[in-house]
Structures are given as C-alpha cells and as structure tokens.
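> So you can see what is in the structure, the chains are spelled out below.
2 protein chains.
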Amino acid sequence: MRAEILSIGTELLLGYISDTNATYLAQQLSALGIDLYFVSQVGDNLDRLRETLQRAHDRSDIVVMTGGLGPTEDDLSREAIAAVLGETPQVDPQLEADLRAFFASRDIVMPERNIKQAWVIPSVTPLANPNGTAPGWWAEREGKVIVAMPGVPHEMKAMWESEVVPRLRPLTGAILFTKTLRVAGLGESSVEERLQALLHSNNPTLATYAKRDAVDVRITAKAATEAEARAQVATVEAQARELLGAHVFGVDSDTPQSVALTMLIERGLTLATMESCTGGLVASLLTDVPGSSNAFVSGFVAYSAEMKMQWGVPRETIDTFGVISVETARAMAEASRERLGASIGIGITGIAGPDAQEGKPVGTVHIAVASDGRVSDTSQRFRGARTEIKWRAAITALNLLRLHLHREG
Amino acid sequence: MRAEILSIGTELLLGYISDTNATYLAQQLSALGIDLYFVSQVGDNLDRLRETLQRAHDRSDIVVMTGGLGPTEDDLSREAIAAVLGETPQVDPQLEADLRAFFASRDIVMPERNIKQAWVIPSVTPLANPNGTAPGWWAEREGKVIVAMPGVPHEMKAMWESEVVPRLRPLTGAILFTKTLRVAGLGESSVEERLQALLHSNNPTLATYAKRDAVDVRITAKAATEAEARAQVATVEAQARELLGAHVFGVDSDTPQSVALTMLIERGLTLATMESCTGGLVASLLTDVPGSSNAFVSGFVAYSAEMKMQWGVPRETIDTFGVISVETARAMAEASRERLGASIGIGITGIAGPDAQEGKPVGTVHIAVASDGRVSDTSQRFRGARTEIKWRAAITALNLLRLHLHREG
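Protein sequences, first through last, are from chains A and B.
For the first sequence, numbering that gives the first Met the number 0 assigns the number 0 to the initial residue and increments by one for each residue that follows.
For the second sequence, numbering that gives the first Met the number 0 assigns the number 0 to the initial residue and increments by one for each residue that follows.
Since the hints were derived computationally from the structure, they do not count as laboratory data.
Warning: the hint list may mix true and false statements.
In silico DSS-like pairs for lysine-lysine, Cα to Cα no more than 25 Å straight-line [claimed, not checked]: (1) A:Lys115 x A:Lys156; (2) B:Lys178 x B:Lys221; (3) B:Lys115 x A:Lys210; (4) A:Lys221 x A:Lys143; (5) A:Lys143 x A:Lys156; (6) A:Lys210 x B:Lys210; (7) B:Lys156 x A:Lys210; (8) B:Lys210 x B:Lys143; (9) B:Lys156 x B:Lys143.
Distance ranges between label pairs, derived from CB positions [claimed, not checked]: (10) B:Arg406 x A:Tyr15: 33 to 39 Å; (11) B:Arg240 x A:Pro289: 37 to 43 Å; (12) A:Gln93 x B:Ala233: 54 to 60 Å; (13) A:Tyr15 x B:Met0: 40 to 46 Å; (14) B:Glu160 x A:Tyr15: 19 to 25 Å; (15) B:Leu94 x A:Ala30: 52 to 58 Å.
Simulated coverage check for chain A against chain B, where a stretch passes if three residues somewhere in it have a Cβ under 8 Å from a Cβ of chain B [unchecked claim]: (16) 80-88; (17) 301-307; (18) 351-358.
Glycine included, every Cβ here is placed at the ideal spot set by N, Cα and C.
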C-alpha cells in the first residue's frame with residue numbers, strides 16, 4: 000500500500016516552521032508497514048494545492064494531508080479535496096451544532112466564515128478534533144483514501160492516533176521491525192562494500208546512512224507478527240556483524256561516548272583527558288551522557304606547549320618530537336591519568352587550522368589512550384574546516400578508547 | 000523567479016530525520032527575493048526521483064536539490080539530473096585527482112564506486128565541498144538552473160553560502176541586501192514584542208528566527224542599487240538596535256564565542272575556564288574560533304567537589320554554600336584565572352541532570368566571570384534535557400563574559 004504526505008501552508012515555504020508533522024507521520028506510516036513514496040509541501044494556493052493533490056491521489060492509495068482546515072480563506076484543503084473528487088461541500092447539521100456549541104461554551108459569537116469547518120462531501124466521514132474547532136476528513140472512494148487533518152501538531156497527533164490509525168490498520172497487513180547497527184572507523188562506501196552481499200535483499204531491507212558520529216546500518220523487516228520480523232532482523236544482523244567486525248560499536252540510540260562510558264563503568268575504570276586541538280570537545284561529548292561523572296574524572300584543555308609541560312608533559316618529549324607528534328600525545332595521555340589519578344588517560348594534539356604548525360599540515364592529529372602499562376595511539380590527517388577537524392578528532396578518540404578497552408577485554 | 004526544493008533520501012520518508020535543510024533553504028530563498036512554490040521529498044529511487052525532478056525543472060526556474068550525492072548506489076541525484084537534461088556523465092580529471100588525493104591523504108584506498116563523485120555533465124559547474132568528498136553540481140541550461148548539494152546539513156550550508164548564493168544573486172532581478180542582528184538574553188517572543196512597531200514593514204522586511212546560539216533579527220531591503228538597499232537596512236537597523244539595546248551582541252556570522260574572543264584580543268586580555276556542569280563545552284566553543292589561542296589560555300573540567308578544591312576552590316566555600324552555589328562559581332572563576340595566570344576567569348557550576356543535587360532542582364546553574372578586582376555573576380534555571388541545559392549554560396556564560404568586558408569598556 001502506497002502513501003503520500005501533503006503538508007499545506009505558506010509558512011512552510013517561507014521557512015518559518017519545519018515540517019515536523021511529516022516526520023511524525025512518516026514514522027507512523029512506516030510502523031504500520033505502509034510505504035511512503037512522496038512528501039510535498041504546498042502553499043495556501045488552490046490551483047497548486049489541487050494540482051498536487053490530484054497527482055498524489057492518482058499515484059497513491061492513501062494521501063495524508065495536514066493543514067488548510069482553518070476557517071480563513073487561506074485554508075483550502077476542503078475545497079481542494081472536493082474539487083479532486085468532483086463532489087460538492089454541504090454543511091453537516093451535526094457538525095454545525097457542535098461548532099456553534101463550542102463557540103457558545105466560550106461565550107463567543109461564531110464568525111460566519113467558520114461555518115466551512117462544518118462542511119462535508121458525500122465521500123467524507125468527519126474525524127473528531129478534541130483539541131480544536133476543525134474536524135478532520137476521511138474521504139474514501141473506490142479503494143482510495145484522502146485524510147485531511149489540522150496542521151497544529153498536537154491537534155493532528157491526537158486525531159491521527161484516535162481517529163485515523165484505527166481506520167488504517169484494517170487496510171494494512173504487515174508489521175515492521177527495525178534495528179540500527181552503528182559503525183565507527185569506516186566510511187559509508189567501505190561499509191557498503193563489506194555489506195554488498197546483503198544490500199539487495201528486499202525483506203529484510205538493509206541500508207546505510209552517514210551520520211555525523213557514525214555510519215548507520217539500518218535493518219528493517221516486514222512480517223505478519225513482530226516476533227517474525229524480529230527473527231528476520233536478527234538473522235541479517237548476525238551476518239552484518241560478521242562482515243563489519245569490531246567496527247560495530249553499538250545499536251540504535253548508542254553513541255560513541257555512551258558506549259565508551261558504559262565500558263569504563265562496567266570495568267570500574269576512571270578516565271581523564273588532556274586535549275589540545277579538540278579544545279574540550281571530547282570532555283564535552285563525554286559529559287553529554289547522564290552519569291558520566293561515574294567514570295569521567297576530569298579534563299584539561301592545554302593549548303600551549305607551556306601548559307602541556309605545566310601539566311606533566313616532559314620538556315624533552317616536546318623538544319625532541321615537537322608538540323604535534325604521537326610521542327607528545329602519548330605523554331599527554333600518561334600525564335592526564337597520573338595527574339588526575341584516573342585509570343585511563345586520553346591525549347590529543349594536532350592542528351585544527353587554519354594555519355599549519357611545525358611544518359605539519361592542517362588536519363594532522365595524534366591521539367593516544369593510556370592505561371596502566373599500555374598505550375594505544377593513532378595518527379590521522381583530517382580534512383575540512385576547523386570545527387570539522389575538531390569533531391572528527393574527538394569521535395576518533397572515543398573510538399580509540401573503545402578499541403583500547405575492547406583489547407583489554 | 001520561481002524556485003522549488005527537492006530533498007532526496009529514503010531516511011526522510013521513513014521519518015528518521017526531519018527535513019531541516021528545506022527550512023534553511025526556504026529562509027535563504029525568501030531572503031534572496033526568490034519565490035518558493037513547492038518542496039518535495041523523494042526516496043532513493045531513480046524513477047521517482049527523475050519523475051519529480053522533471054516536473055520541478057519544467058515548472059520552476061531553479062530547482063535546489065539536497066542529498067543523493069554520496070558514493071553509494073542509493074545516491075542517485077547525478078543520474079537523475081543527467082537523465083532530465085539528456086546528458087551523459089563523464090569523469091572530470093581534476094575532480095578525480097582531488098578525490099584520490101583526499102583518500103591518499105588518509106592512507107585509504109579509494110573504493111572504486113567513489114569515482115562517481117568525480118562525475119560531471121556538459122551543463123555542470125562543480126561546486127567545492129570543503130567539508131566532504133562530494134562536490135555539488137550547478138547545472139545551468141537555457142536560463143534554467145538545477146543545483147545539487149549534499150544532504151549533510153553542515154556540508155550543504157557551507158556550499159550554499161560560498162558557492163550557490165554568489166551564483167544566484169545575479170539571476171535575481173532586484174538587488175537585495177540583508178543584515179542580521181544577533182540577539183542574546185531575550186527569547187524570540189520578547190524580541191518580537193520589542194520590535195512590534197517594525198515587524199509589519201514590507202520593505203525593508205524584518206523577521207526573527209530562533210537559532211541555537213541566539214535570536215536572529217534579519218533585516219532585508221530590496222532596491223534598484225545596493226547602496227539604496229544598504230541605506231534602507233541601516234535606517235531600520237538603527238531603530239532595532241535602539242529597541243534591543245545591549246542584547247544585540249553581533250551581526251551576520253558573529254557568534255557569542257567569536258565576539259567574546261575579539262573583545263578579549265582587542266583588550267589584550269587572556270581567559271581561563273573552570274567548568275563543572277558544562278563539562279568543557281565553553282572551552283570547546285571558544286576553541287572553535289580560529290586564533291582563539293591568542294586569548295584562551297587553558298581550561299579545567301572539574302566535575303567533583305574534590306577536583307574543584309584540588310584546583311583552588313576553598314573548602315570553606317563549598318562547605319558553607321554547597322557545590323551548586325554562586326559563591327562556588329565565583330571561587331571557580333577566581334581560581335582558574337589565578338592558577339592559570341589569565342587576566343579573566345570563568346567559573347560554571349550547576350546541575351545538568353537527570354538527578355537533582357543538594358536539594359536543588361535540575362537546570363540550576365551559577366556562572367561567574369572574574370577579572371582583577373571585579374566579578375560578574377548570574378544564577379539561572381534552565382529547562383530541557385541534559386545537553387540542552389549544558390548548551391544554554393555555555394551560551395549564557397559567553398554572554399556574561401561579553402557584558403563583563405563591555406562594562407569594563
């Protein structure tokens with residue numbers, strides 16, 4: 000079954016608001032196992048609205064409209080539906096009575112233009128709106144459905160849940176279940192190359208998405224029961240984990256920082272950081288996680304060579320290898336855990352730009368993770384603007400921490 | 000001139016993300032004086048994408064596409080544009096060289112499928128992407144334009160501002176001049192209340208936008224010459240500044256951190272931070288600014304009471320007033336500037352949540368800025384999730400620093 004969303008309102012096209020209704024409805028349709036092929040935003044213009052609705056009605060089984068049900072002449076959803084279905088609006092006595100009662104209960108005289116909120120057409124079943132004056136429309140004819148709901152999110156959601164979903168469920172068969180694997184240390188295309196064999200399956204489907212903090216691999220199965228869908232996802236998940244190995248750091252809502260902190264807490268370990276080019280971003284990401292103080296002891300931001308030495312990096316290390324060196328990163332990691340009495344230390348030094356240093360190019364970053372007697376490190380060259388380099392360096396540091404703990408078992 | 004936005008990606012149609020790119024572009028197009036009539040979201044499906052692009056190209060002068068420029072077989076924007084324009088993609092030697100250099104610089108073998116990120120067609124001028132591997136496309140033929148940009152918001156915005164806007168401006172008839180006032184310490188509705196008298200003017204127009212780090216007041220004038228437009232904006236700007244006073248901290252691309260750092264550098268002052276509940280976010284924001292090391296000396300992240308004392312907060316202060324107190328924030332500010340030999344210190348203590356502390360509610364935050372002989376402070380109660388409280392506390396600290404320096408003149 001194919002659905003399409005139509006979001007109506009000039010305020011969307013001026014960028015005054017984001018179309019969060021469409022996001023909500025997309026999630027709901029997907030959970031109902033209904034395929035959503037198009038989302039369109041149209042302004043308060045009858046020609047463009049009718050044209051767009053006509054096309055949606057022609058190519059989809061269900062059109063879900065939000066907005067355009069208000070009482071003003073800019074609210075044109077009813078007119079557009081009536082035009083597309085070739086039916087004529089009439090005032091429904093019951094809806095009119097309800098409408099007048101609503102205004103009476105607030106001691107307001109109903110503006111006569113509001114009467115169009117009592118309109119129906121022959122194909123329409125009105126949908127109750129407990130939170131506003133505009134009833135929704137469920138228009139069903141020849142096996143196709145057009146649903147019109149208010150644009151105000153809390154009115155729309157209440158109507159969707161209580162009035163629309165119960166009418167949609169009988170029309171759909173399947174249940175959907177989705178699980179996301181979060182992948183670190185591989186680009187999206189490398190992930191796809193590894194998963195080549197799984198990418199073309201239709202059910203479960205598998206798709207990759209590049210997110211700022213990871214590459215997501217989303218596995219979705221459609222089945223008659225949730226248990227069945229879960230079982231299908233589990234099979235593909237096992238194959239994907241086999242192909243991606245330790246690059247899979249978490250699932251669903253896991254983040255690089257939440258996973259690293261959980262590992263620290265489970266092992267009863269504490270963490271301290273000494274950051275140069277990331278300037279406190281690693282500490283900030285760690286402290287985004289509730290309960291981070293159970294493992295994250297403290298952090299330094301040590302920009303200058305003097306500060307690094309003041310906080311325990313040996314002068315010889317900096318003199319011999321330079322501030323931008325893996326040796327300095329290792330010394331920073333050691334110094335932070337010793338100075339702060341933490342079991343693990345992270346050291347990060349590099350060049351976020353815009354200017355090169357020590358003849359080394361912008362984007363050069365050295366990262367080290369030190370625990371008692373063992374140090375892991377990585378040296379990278381990141382591209383992009385200053386904030387982008389900071390971000391990639393911080394995410395890479397969190398991943399190195401995870402792998403370091405992983406090796407310790 | 001008529002524009003249309005096409006947002007490409009199955010993740011939109013599954014509701015995994017909201018189409019905030021469309022909101023941003025809608026605001027930008029409106030500021031350029033370009034009419035936006037339709038926004039469409041399409042999945043990663045060549046037939047549906049081509050069908051939708053063909054229609055958009057037929058009925059609009061400019062089609063702005065985001066997404067579908069990745070290296071995978073799900074990324075089909077280039078294929079769709081080539082099909083609609085009836086042109087054949089070829090590998091551009093320069094783009095290929097850049098692409099291979101990017102992978103070489105990271106010691107990664109380029110997956111061969113990435114080569115399509117070096118494609119062009121005859122009508123296309125490639126658009127530089129400083130933050131990623133996918134160049135954009137500017138396809139111009141017979142007076143119509145199709146622009147394709149990456150879907151990752153920070154890559155898209157950077158490309159839009161530096162590559163697309165300069166090419167669009169000449170195509171729009173009238174000259175538009177826009178200036179944005181950046182406002183701190185007031186909510187969007189308070190800003191609108193103060194600017195009531197100016198909000199309904201047609202030219203220049205004035206609109207407010209709530210951004211994460213400020214409320215923006217955008218003043219846009221349309222005129223025959225840029226000088227004329229600038230003059231019109233200047234008049235309204237003066238009135239707006241009169242109504243908003245010291246809440247205006249900057250213009251256009253200024254940020255709370257860039258403004259504070261510029262003031263410090265101009266005055267030859269240095270800064271150190273001691274952060275508790277913000278966990279390094281203030282240091283990280285400051286170090287987002289190129290050249291921040293000219294003023295920002297160093298930062299501590301001191302979560303526990305012990306760490307605060309180890310770094311110079313008197314035990315009596317914590318015992319008497321508690322860790323979550325304005326007195327402790329003031330002591331942290333003093334300690335950080337003394338310990339790190341900076342002229343100014345910032346101290347932040349509070350409860351980011353989820354659990355209350357010392358019987359004080361989640362969201363309680365105390366911030367202090369100390370310079371030789373003078374301390375400014377503020378105590379706030381922020382609402383929202385942990386990361387939101389951290390963010391608001393950090394932005395408030397940067398604003399307090401600005402006002403502190405402002406008073407010192």
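> Next, verify each hint and record whether it holds.
Hint-by-hint comparison with the structure:
A C-alpha spacing of about 22 Å is found between A:Lys115 and A:Lys156, which places the hinted pair at or below 25 Å, so the restraint holds. Restraint check: the Cα-Cα separation between B:Lys178 and B:Lys221 comes to about 12 Å, which is no more than 25 Å; the hinted pair holds. The straight-line distance between the Cα atoms of B:Lys115 and A:Lys210 is roughly 21 Å, inside the 25 Å bound, and the hint therefore holds. With a CA separation close to 23 Å, the supplied pair A:Lys221 and A:Lys143 stays within the 25 Å bound.
In summary, the hint linking A:Lys143 to A:Lys156 is supported, as the alpha carbons are separated by about 22 Å, within the 25 Å threshold. For a cut-off of 25 Å, the pair hint linking A:Lys210 to B:Lys210 stands: about 22 Å separates their Cα positions. Taking the CA atoms of B:Lys156 and A:Lys210, the gap is near 16 Å; set against the 25 Å cutoff, the hint holds. For a cut-off of 25 Å, the pair hint linking B:Lys210 to B:Lys143 is broken: about 33 Å separates their Cα positions.
Pair hint B:Lys156 plus B:Lys143 holds up; C-alpha atoms about 22 Å apart against a cutoff of 25 Å. A hinted range of 33 to 39 Å holds for the C-beta pair B:Arg406 and A:Tyr15, which are about 36 Å apart. Look at B:Arg240 against A:Pro289: about 41 Å separates their beta carbons, and that is inside 37 to 43 Å. The beta-carbon spacing between A:Gln93 and B:Ala233, approximately 58 Å, falls within the hinted interval of 54 to 60 Å.
At roughly 21 Å, the beta-carbon separation of A:Tyr15 and B:Met0 lies outside the given 40 to 46 Å, and the hint is violated. For B:Glu160 paired with A:Tyr15, a C-beta distance near 21 Å keeps the hint of 19 to 25 Å intact. A hinted range of 52 to 58 Å for the beta carbons of B:Leu94 and A:Ala30 is inconsistent with their spacing of about 41 Å. Coverage of the segment 80-88 of chain A by chain B is violated [criterion: at least 3 residues with CB-CB distance below 8 Å; count 0].
Under a criterion of three residues with beta carbons nearer than 8 Å to beta carbons of chain B, the stated coverage of the segment 301-307 of chain A is upheld, 4 such residues being counted. A count of 3 residues in the segment 351-358 of chain A with a Cβ less than 8 Å from any Cβ of chain B is obtained; the coverage claim is therefore met, three being the minimum.
The structure does not agree with the numbered hints 8, 13, 15 and 16 stated previously, though it agrees with the rest.
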